Amino acid sequence: MADSAPLWAVFVLPVLLLVVALVTAGFDAVLTAGARGGRAGSVREAAVRAADPAREVLRQLVQQPRRTRASDVALARIGAALLPVAAMLAAVVLPLGFRSVSDLPEGIVWFNAMEALAWAAVWLAGWGPNSTLSLIGGYRFLAQGLAYELPHMLAITTAALGAESLRVGQVVDAQDGLWFALWMPAAFGIYLLSAMAMAFWGPFDQPAGRDVAGGAAAELSGADRVLFLGGRWLLLVVAAAFSVPLFLGGGYGPWLPGWLWTVLKTGAVLAFLVWVRRRVPTVRMERYVELGWVVLTPLAIVQALVVAVVVLNR
Amino acid sequence: MTLELFLLSAAALFCVGLFGALTQQSIVMLMMGLELMLGGVILAAAAAWHYIAPATADGQVLIVLAVTAMALEMAIGFAVVTALFRAREVDMTDMAAELKE
Amino acid sequence: MDVAVFWVLAVLAVVSGAMVFRFDSMARATFSLLTSLLCVGGLVVLLGLDYLGIVIVLMMTIEMAIMAVFMVMYMMNPAGLMPMTMMHNKRGAAVVCGLVFLLLAAGILFAPWPARRGKSSADPTMELGMSLMGPQMLTMMTLGMALFATIVATVVLATRRGRYDRLGDDLRARRADDPVRGGVGR
Chain A
1 MADSAPLWAV FVLPVLLLVV ALVTAGFDAV LTAGARGGRA GSVREAAVRA
51 ADPAREVLRQ LVQQPRRTRA SDVALARIGA ALLPVAAMLA AVVLPLGFRS
101 VSDLPEGIVW FNAMEALAWA AVWLAGWGPN STLSLIGGYR FLAQGLAYEL
151 PHMLAITTAA LGAESLRVGQ VVDAQDGLWF ALWMPAAFGI YLLSAMAMAF
201 WGPFDQPAGR DVAGGAAAEL SGADRVLFLG GRWLLLVVAA AFSVPLFLGG
251 GYGPWLPGWL WTVLKTGAVL AFLVWVRRRV PTVRMERYVE LGWVVLTPLA
301 IVQALVVAVV VLNR
Chain B
1 MTLELFLLSA AALFCVGLFG ALTQQSIVML MMGLELMLGG VILAAAAAWH
51 YIAPATADGQ VLIVLAVTAM ALEMAIGFAV VTALFRAREV DMTDMAAELK
101 E
Chain C
1 MDVAVFWVLA VLAVVSGAMV FRFDSMARAT FSLLTSLLCV GGLVVLLGLD
51 YLGIVIVLMM TIEMAIMAVF MVMYMMNPAG LMPMTMMHNK RGAAVVCGLV
101 FLLLAAGILF APWPARRGKS SADPTMELGM SLMGPQMLTM MTLGMALFAT
151 IVATVVLATR RGRYDRLGDD LRARRADDPV RGGVGR
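Residue numbers (our numbering), protein chains in the order written: chain A, 1 to 314; chain B, 1 to 101; chain C, 1 to 186.
FYI, nobody ran anything at the bench for these hints, they're computed from the structure. Quantities reported herein were computed from a predicted structural model and do not represent experimental measurements. Backbone N, C-alpha and C fix where the C-beta goes; we use that ideal spot for every residue, glycine too. Don't take every hint at face value.
Per label pair, the in silico range of CB-to-CB distance [said to hold, decoys possible]:
#: 1; chain 1: C; residue 1: Ala146; chain 2: A; residue 2: Ala74; range: 52 to 62 Å
#: 2; chain 1: A; residue 1: Val15; chain 2: C; residue 2: Val156; range: 48 to 58 Å
#: 3; chain 1: B; residue 1: Ala69; chain 2: C; residue 2: Gly92; range: 20 to 30 Å
#: 4; chain 1: A; residue 1: Arg210; chain 2: C; residue 2: Asp165; range: 29 to 39 Å
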């Protein structure tokens, strides 16, 4: 049973998420620079490269923002700001070790609902600037959402089914012995796919793809851009971190304290996702829709059925 | 907070939705009115569950029903608009009414 | 605290509901409707139905995001850059709605509401699940069938291409002739 954290955790959580997101972005920047210009010669050079995302944030904040004609500024602002807010709200149910800010009785549904706010956020950010390319990006995310959401929901339901509870704390407790990733491999794999898809990242980066000049983010600048792209990193971190209590046994592990296990496992999942982006080419969403509905959804249902039978006979 | 207050706000939502459904010419906007009306129904059902019969789950089942009705209404509505538009380039209620002439 | 939350959510729900029909921009109208329905979800949570409230938030967000696509697709003036009105029978509708509201309000205020009977169980979500999988099983199955029928009906209504377009007149084509290739290699 997860304890409730004290009130100050509300203020620690965003800071912690931001730090993890910056570290991940820095790691990714080092890898990108390494692939482009050869390996970093010294530790100092690598550190300079790792600070790239932070420098980019500062540059965006001080430079003059651009405006497009007849743009719907209010909607674009709401969209850009909603993305990090949705990620933070989803993170409320994430346990660090065995403590989360609020272990809601319906934590899994809560996470799903908050992560669905990204649908509205990306479309709004794409619609707002009155620009074709960004609108295409917004539409692409909706199409991608239709592809990933169904198997995704079934996958996280499977984890809840295995624990017989929607409370994240009890899902963690149910994995004291055996991790869910081991006896629900299909659900775990689908979850990892949809974690990348919901942060439109890696092979699913078409909504913000290079072929449409940055897609939904094409016309965003200044603080809006920082919020939107930062929110995307936050979403990736939160989605990766949520796989730990759902499938990887949360804070359970030998010798080390629970919080350290959570951090280590989250780091491993994030590193895997960063690695996948470099290995797998972009998937067009009309292809992924068919894959998602014809292969992944039945697979997820069969997985849920197997888990249900096991739980009933336990 | 009382039952009456919740029901009054549900009634207000319902009537705003009714106004939209009656006045809008575009079929899509008409459906937004219907969604608002169903939103009022959901609120009323939740209030009735909480203040009158919290011991049984009937109020909750009614909410599940209303939410499903919303999804069905929207899906069928958009399919009909798509079919109408494809056949006759029509997307307004008045124009659809003229089709029978 | 609860009272303040109630007033904020209720007023926001009704006001943004009314703004749906005032905004010129379709995107704004759709997301104003979303705000209204999210407030309804919040009120449902306030009434102690956490699960249903969160489900309403989840469903409505996705539903409105998709609705926005259709709004933009089928409205003449989706961005509202040239304000125009698309209403008919405004006065009659206003009268009807006013009367309906007065009738409802009178009913709400003067009806002898029964006192609260029983207490809610500690876990209303569990109760709902037990009810849907027990005494209300028929409701649940009807809903399931209705949803399935809707999926079939919407596809039939909305698509222009049937199986003869895809697989040829004798349905013997080995590979379906689709304008967009799917991802499973068919």
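Okay, the hints, checked on the actual structure:
1. Ala146/C to Ala74/A: 52 to 62 Å: violated, 38 Å
2. Val15/A to Val156/C: 48 to 58 Å: holds, 53 Å
3. Ala69/B to Gly92/C: 20 to 30 Å: holds, 26 Å
4. Arg210/A to Asp165/C: 29 to 39 Å: holds, 35 Å
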